[in-house]
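Protein chains: 2
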Amino acid sequence: MELCLGMIVLCFVFGYGDCRSHRDRSPDDPYSSTVCGYESCPKGTPGQINVHLISHTHDDVGWLKTIDQYYYGAKSDIQIAGVQYILDSVVDALLDDPSRRFIYVETAFFWKWWLQQDDLMHHTVHRLVKEGRLEFISGAWSMNDEAVCHYSSIIENFAWGLRKLNDTFGACGRPKIGWQIDPFGHSREQAALFAMLGFDGLFLGRIDYQDIEKRRKTKTMEMIWEGSDSLGKMSDIFTGILPNVYWPPSTFCFDLLCNDPPIMDDPRLEDYNVVERVATFMEVVNNQSLQYKTDNLIITMGNDFNYQNAHVWFKNLDKLIKYVNAKQTNGSKINLFYSTPSCYLNALHQANASWPTKDDDFFPYASGEHTVWSGYYTSRPALKRMEREASAFLLTCKQIDALAQLGPADQHDVSALRDAVSVAQHHDAVTGTERQHVADDYALRLDRGVKECQETVVDGINRISNVTKPLQFEFCDLLNISICSITENSKEVALVLWNPLSRTLNHYVQLPVVDGDYDITGPGGTKIPFQITPLPKHTLLLPGRLSNATHEILFRAKLPPLGYTAYNLKKLAKGGVSLAGHTSILRKRASGFADDDFVIKNEFLALTFDQSSGSLKYLTNLETNTTISISQTFAYYVGSVGNNTKEPLRASGAYIFRPNCTGAGPDCSRPLEGNGTYEIVKGPLVQEVRQYICAWVSQVIRLHATSKKVHFEWQVGPIPVGDGIGKEIVSRFSTNLKSGTEFFTDSNGRQNIKRRRNFRPSFNLNLTEPISSNFYPVVDRIFIQDETAGSQLTILTDRAQAGSSLLEGQIELMVHRRLLVDDWLGVSEPLNEPGLGEGLVVRGSHHLIFTNIAKSPRRHRLASHDLYWHPALLLLPVSSTTSQADLNRITQSAYSGLSVDLPVNIHILSIEQWKGSSLIVRLEHFFEKDEDPVLSQPAVVNLKDILRDFVITSVREMTLDGNVALTDVHRLQWSKVDQEDYGTLGTDASKIHRIPHDIGTTFTLNPMEIRTFQIEIGPSL
Amino acid sequence: MELCLGMIVLCFVFGYGDCRSHRDRSPDDPYSSTVCGYESCPKGTPGQINVHLISHTHDDVGWLKTIDQYYYGAKSDIQIAGVQYILDSVVDALLDDPSRRFIYVETAFFWKWWLQQDDLMHHTVHRLVKEGRLEFISGAWSMNDEAVCHYSSIIENFAWGLRKLNDTFGACGRPKIGWQIDPFGHSREQAALFAMLGFDGLFLGRIDYQDIEKRRKTKTMEMIWEGSDSLGKMSDIFTGILPNVYWPPSTFCFDLLCNDPPIMDDPRLEDYNVVERVATFMEVVNNQSLQYKTDNLIITMGNDFNYQNAHVWFKNLDKLIKYVNAKQTNGSKINLFYSTPSCYLNALHQANASWPTKDDDFFPYASGEHTVWSGYYTSRPALKRMEREASAFLLTCKQIDALAQLGPADQHDVSALRDAVSVAQHHDAVTGTERQHVADDYALRLDRGVKECQETVVDGINRISNVTKPLQFEFCDLLNISICSITENSKEVALVLWNPLSRTLNHYVQLPVVDGDYDITGPGGTKIPFQITPLPKHTLLLPGRLSNATHEILFRAKLPPLGYTAYNLKKLAKGGVSLAGHTSILRKRASGFADDDFVIKNEFLALTFDQSSGSLKYLTNLETNTTISISQTFAYYVGSVGNNTKEPLRASGAYIFRPNCTGAGPDCSRPLEGNGTYEIVKGPLVQEVRQYICAWVSQVIRLHATSKKVHFEWQVGPIPVGDGIGKEIVSRFSTNLKSGTEFFTDSNGRQNIKRRRNFRPSFNLNLTEPISSNFYPVVDRIFIQDETAGSQLTILTDRAQAGSSLLEGQIELMVHRRLLVDDWLGVSEPLNEPGLGEGLVVRGSHHLIFTNIAKSPRRHRLASHDLYWHPALLLLPVSSTTSQADLNRITQSAYSGLSVDLPVNIHILSIEQWKGSSLIVRLEHFFEKDEDPVLSQPAVVNLKDILRDFVITSVREMTLDGNVALTDVHRLQWSKVDQEDYGTLGTDASKIHRIPHDIGTTFTLNPMEIRTFQIEIGPSL
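Those protein sequences? They're chains E and U, same order as listed. Position one of the first sequence corresponds to residue 1 (UniProt numbering), numbered consecutively onward. Position one of the second sequence corresponds to residue 1 (UniProt numbering), numbered consecutively onward.
Some clues are possibly wrong.
Since copy identity is lost for identical chains, a pair holds within one copy or between any two.
What the hints assert, rightly or not - Once the Cα atoms are required to be at most 20 Å apart in a straight line, the calculated EDC-like pairs of lysine to aspartate or glutamate come out as: (1) Lys855 x Asp266; (2) Lys164 x Glu276; (3) Lys322 x Asp260; (4) Lys217 x Asp419; (5) Lys333 x Asp866; (6) Lys571 x Glu488; (7) Lys617 x Asp266; (8) Lys219 x Asp360; (9) Lys75 x Glu276; (10) Lys537 x Glu838; (11) Lys738 x Glu455; (12) Lys558 x Asp968; (13) Lys358 x Glu928; (14) Lys319 x Asp68; (15) Lys738 x Glu213; (16) Lys358 x Asp978; (17) Lys574 x Asp723; (18) Lys75 x Glu270; (19) Lys571 x Glu213; (20) Lys75 x Asp271; (21) Lys754 x Glu787; (22) Lys855 x Glu742; (23) Lys322 x Asp118; (24) Lys219 x Asp96; (25) Lys527 x Asp667.
Hints listed in this document are in silico derivations from the structure and should not be mistaken for laboratory results.
Okay, chain E solo, but in the shape it has when bound (with noise of 0.2 Å):
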């Protein structure tokens, strides 16, 4: 009380003005409303150039430091940067002034920090959150990039960081607006996402330069980009690049760290500055407003890590307003001040224009003529493989954790999961733009939150198997180089394989193990049909493999949706009886080997191959009756050396892809010619050739007795280097398909974008950099037709690569890249990554589909699903200890968790403990329209048949990330220069989903549409 009782006297000495600043120091005033959202915005004054001021940060989640580098400022030799100290400062500046905005973008970051604080910091930020003075934005857990992440992962993404700041803030910390000002590059599926998180506009910082050069001679640098030709116009997000990247204009960084001028505004002191800082300015703001169409602009005033100390930044802004705007009696019409993204497109929208639309994307993103930043799609592709899996599996791992209903404890290792995807979408995550040891740190995040994660799994099989006592399944995490210790080294080893798609699915699981005799059972003790087949030398002479594994056994398992099966493997005695398929082995040279060319081949597909070379020549449909010519071949492009410097001497790193062309054939590549030394492997389930190329390039085409598609396993690497060369390899499909210029590729693997070589849709290329100009990211297919045969060539991918299609009939992939020089744009390393101390060794998967056009989307779509969503396997090595009634709970009872099978085109994208008793369930349509006949049609799903165990009380439709209502959202409507109804669906644009006319617990869903649903549940029946 005598405190206060101070204060009175202090307000009575020192009038209102003196006492304002205490009070705005006091946290949760009871007297302020709460006014943030449009309604808190600074109004601009009618007739004057209003410039609203955009105080940011831009702090990237990991870069050339470590998350938790950046997050506390340490390793400031690297780079000062501490992210502690911008929120710190950031708060207190806020507290000085009313007037001052900020804007919050990565909420991994913020949450750091947050769960740092006290109460009455707490308070205090609830206050300048309720009041719009510090505003979150985009508010995902990291910025993601855009070429090269997944939905799924796009979407988690966005979950859990809205997520945090919903349950933290509601209403008012809740974003409105996308904020991707730095990634290299802008998809369309992003922006159709966003339209689906409900947000009212998206902000970019990068896009080409020729682009951006038009639109500022157009006034087209705000747009509204229609997000999807299947979800029509509610996935149009009103869309607009930022002026100057998310720099501040030229000479007026005024952070900390920046080199420009301070506003030296004492004419006692030297350099008095203010007169010519405010000629400048008004410049600066005069050229801009030639740039855009209305009386309002823009300006960032921020950068990299800016903030540290906010306080600098605020004081020279100060300055600046105040400076600038006192212009205006003496006639000036520009009128400063501070404010927000949100507000900034309040106001456009409030200027009631009309906007040009775009509906193709911003891939690939030139900076300038010889810097196309095409090479990030491939770069570091073991990291990218290694993100691919991990989040895959948080879909899988979210799903038991749902439906085995576990607690806390296991939701916590869902998070570690959760959190380590999230970073991992970062655009200098999965991007490999970042250092090795920040790569190596994302990688052990990764790893050790799908650790968490299996405990989680094996928790919730135990859980759903009502076993009396855990039975400590394990997991092999180095299957794909043909290790695992339980198969290897167990004499009987249970297998559990969960299946986390909404239909049935057959598959092939492949193990290893040492030679012997073995027997597979399923369940019930039915005997499984097998085959055991040498592992390929490459294999087995893998840098630092440890394993005892000689051979590989796979049998193929039927699983059911959402759910699994159990299978047994027991080593036998020598000859003991089991299914085992002969395998046999043709080496070239050897005996047994015409000289004509050789085949390999199932049911529908045969591939004819040269008997001197190994190398494919024919591949044929056997259902449709079809056969191209076709080679497969590796060749490498030299990356440009550049000149330690920009334009025009870039040279070819993490970012950049710059092939030097000097010496190589038309094409600029390289061949890699293989040594014709193959081996052929023929038994039941499957057949393949082994191409051993060269020493660090080998090669296993194989086909499964019941596969539609061709199985493409390469590997590549260590990279030599020896040669001072750096090295970018792709894997080249080359047929005589009459494909045109055209390609396709998918947009964040989900919707297609038809690609043309040497060509932009939104403005006319000079084509400065012919080769890596034509690639884009791939992050899941590439694809080419022939629309006279009526033929598709498609290739899926594991993980995120640079595509293209630089001849007719051709497919390009790039898998690996190792480079010797950095590019140049502040990495300040060179993409050379060490892998085991030689160089990385990277192994990876292409899946050719060759069928008619028609039937191809169904067949890439479904397909993709399987390859993205496979199953997981647990494995308990069975001992004289393992209780054998709680196995056989396991192995006896196939479990699904679904009553029926989903219609074909509908997926559960995820279903997820949410808050409270209540759970989230994703559903999409995963087809385009007009795809297919049938699978392009609308569908209707029950969630009844999803929950089949669960009693569901209630069900409301939600925003894309699952934290807002839809009846809660209420997008702006925007006019479009060009108005006309381009969609089938949504003709509502003020919502993003109509709001559901759907009754009960049945939904239909259109082409693309991913609908959220939160759902409470009652106790389990």
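Fit chain U to the supplied structure of chain E, relying on the hints for placement.
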């Protein structure tokens, strides 16, 4: 009211703890009591090692950037350093936690900041100061250098800085501690000055590496420094050597810009380091405790321009304190807390220990075997001279301002020069160790300050003379290179010469003119004898010299103490009648030259030169009839180039003198041998020999008719570096005096210090740099003695220079340096002054005094004053519009402010307008005890004689800076290990002076005493 009620509500809601930080932010809390000073200190815990953590920033008042660039934080490309942000953020951080403390040093910066703050901030800072949370330390305008500063300027620097603090904060703003943490060596005189300021202690950062090594081992890091043999105990000052310069312990720099790890204490994040950090810090503490005497330790937590985001430092220090102190529960005896140097000193004082003593100084400073900081004693000789001129002129200006009782406008002008001079004392200003653009800025400020003070002087002369309309006197600032547009172009010029000394002065005036006939008249129209002489050719050929003058007029003026005499210079028609003397010029090889030596002489001295070379051979004192052989030559050292790195490949540079002796003679230097071109000029008032030694070295050796000293006017430059070799030029006087290994240099222009070649009194010198280790700062004088012959050779300089006696009988002074590589101590710019383009030309004076040892002190001390406080020359071109009546008022009435000449050993160090209607008068006895049988006696002065024209209403004796009454000073008393009464004065060590025993206005001054009086004056008589 409403606001405060809001606070009350919150107090209830959150409890006391939560409201604390709000209370803490209230300015001038009426409930807080004033507890600054020792009473406010944190109490250590008995039985523990109490570690005083000192949060501080070291803010160079110019170095790599100008003072204003540092203030604002401009030019971050040079250095990220903005003092405004330091003070902003420190205040904020102090408010966050009442246990935090901070010291601030440089009042020049603080004052810029203070003037920009609003009333609320003023109150807030007042409270922090009152509570001892923000403590001013040292408090001078800048942290002055100790090697090259004149004592009068050091006093000005402290008076000006401490006055601002005193006027603003009263007693709580009064520093008690000297904080000389960065200057490159420490002078004994400065120690004495600190004692006279009433300070309780002094902390030093940099002492010789061998010295500190010994002190660490012997626990003599802290001592009682006996500042003056003459002053005795009252000049004692407790002096502590800081453990690690002024830096934090290795790896514990928590500044935003440092590279050390922050305290990472969140176990949820990677890199948790609390265990390691605590252990490492405890090791630091334990090691340090082995080197210091008591259970209290001081650890500096700051560095250059640290705390730009103070929060970063404090946040991590908070954690360090918390986690280290937490160890106490496990038995740790280490107790960390925020403290200040004064609190540390107080704790030492309470420890009741006895301390070792020291009575030498800390020069030269060597930081390593090959890093001797004796180069900067000479670096930038032109700036050093400019500073000296400006500093002396400030004293003149203040005298006239005070005597004329000028008003506020003139006070403002005086302040400009106070500011410039005090800034110039900074240890990277007058030292010459700043970047070139910063040196230019200092010169600009000094020039502006001088010009403003010139206006004051003109106003004062007009006021004193009671002219009806002010006469527009002007100044000639380029007389040093014989340029004066007024004397060159006017037919008649009125000259006013102001003598700032307290005694009558005979002074030779030298004015550039065009050839012709002139007349000079003095007071009452008396004709004055003069001599007109052609200018030497090295003056006429000076690069860039724009002047019509071909000749110089010389006459002898007689000036009253503290007053002026006027003269009149008139150009006559050809053949006009005057007392012009005849000048003869003999040029070598011209007729009239015999083969014998030749001589210039007057009644006191004779100089014999070699006919062939024109070199000095013998010097005879005609009074004592003593002749010595003497040569004066120029030579140069080759600067070591090093390897752009530190030890052992250190280069000679702005700080460091490190000659490269390879290829040189045994004395390491290279002779600059003349070609024997010279002139002999003889006239009635002066005889001189002009030596044209080489294209870039010339000299005039000059003997005035009535002078007892020889004037060597050297001119050096541009130093040629076309050979890629940096050169350091010395003037060397070699005699047959038997001076042994000893020589003497002054300390800041005041007491003398005996030096011994290859020796240090405090430690055994390991002589790794035999040349530069023997150079000492010469601010004013250097001399050698031949005790057998009873002779002394003294050289007075006109600016600070490096000086030595490397051989018996020799004195050597370094006059100019030009070096091509940086010495790697931060400047990152070679000391390569451009001058007007070709390189800097420097001209200067050495004044040689040769007489017996007994007479020497009287000669050199008086001569030194004559030279430093030389008369100011005002010039008025007389034309038909000049009011003859007003002119007569000045020219007809010589003026003296004194009613009598003061005793010869007493000098009015300053007389200046101070606060309100008061004056400050500083009187000094400028002889050391036992120097002179007569002049080393105490002297008595009556202030009424000094202030003839004023009514003295009260007199208060003050500390040296003039801000605190001596009666309010209670210095801490210290015990010495070896307690002996070594002085003759001041047995009461608790006072810096006795309580005035004098009565009325009459005071006694003892040798070397400076007494400062604040005098209230009534209306003038």
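Pop the pair Lys754 and Glu787 into one bin, within, between, both or neither, using alpha-carbon distances up to 20 Å. within (14 Å within a copy, 103 Å between copies)
Is it within, between, both or neither when you check Lys537 against Glu838 at 20 Å Cα-Cα? within (19 Å within a copy, 75 Å between copies)
Intra/inter-copy verdict for Lys319 and Asp68 if alpha-carbon distance must be at most 20 Å: Between copies only: 18 Å across, 34 Å inside.
Alpha-carbon proximity context of Lys75 and Glu270, limit 20 Å: between (36 Å within a copy, 13 Å between copies)
Pop the pair Lys571 and Glu213 into one bin, within, between, both or neither, using alpha-carbon distances up to 20 Å. Neither, since 68 Å and 74 Å both go past 20 Å.
Between the shortest in-copy and the shortest cross-copy C-alpha distance, which are at most 20 Å for Lys358 and Asp978: within, between, both, or neither? within (11 Å within a copy, 90 Å between copies)
Are the CA atoms of Lys219 and Asp360 at most 20 Å apart within a copy, between copies, both, or neither? within (18 Å within a copy, 77 Å between copies)
Checking Lys217 and Asp419: alpha-carbon separation at most 20 Å within a copy, between copies, both or neither? neither (42 Å within a copy, 54 Å between copies)
Homo-oligomer pair classification [Glu213, Lys738; C-alpha up to 20 Å]: Cα proximity of Lys738 and Glu213: none, with 35 Å in one copy and 84 Å across.
Can you tell me if Lys358 and Glu928 fall within 20 Å by alpha carbon in one copy, between copies, both or neither? within (19 Å within a copy, 91 Å between copies)
Within a copy, between copies, both or neither: which one fits Lys164 and Glu276 at a CA-CA cutoff of 20 Å? neither (45 Å within a copy, 33 Å between copies)
Under a CA distance limit of 20 Å, which applies to Lys75 and Asp271: within one copy, between copies, both, or neither? between (35 Å within a copy, 11 Å between copies)
Figure legend: structure checked against the earlier numbered hints; hints not met, in rising order: 1, 2, 4, 5, 7, 11, 12, 15, 17, 19, 24, 25.
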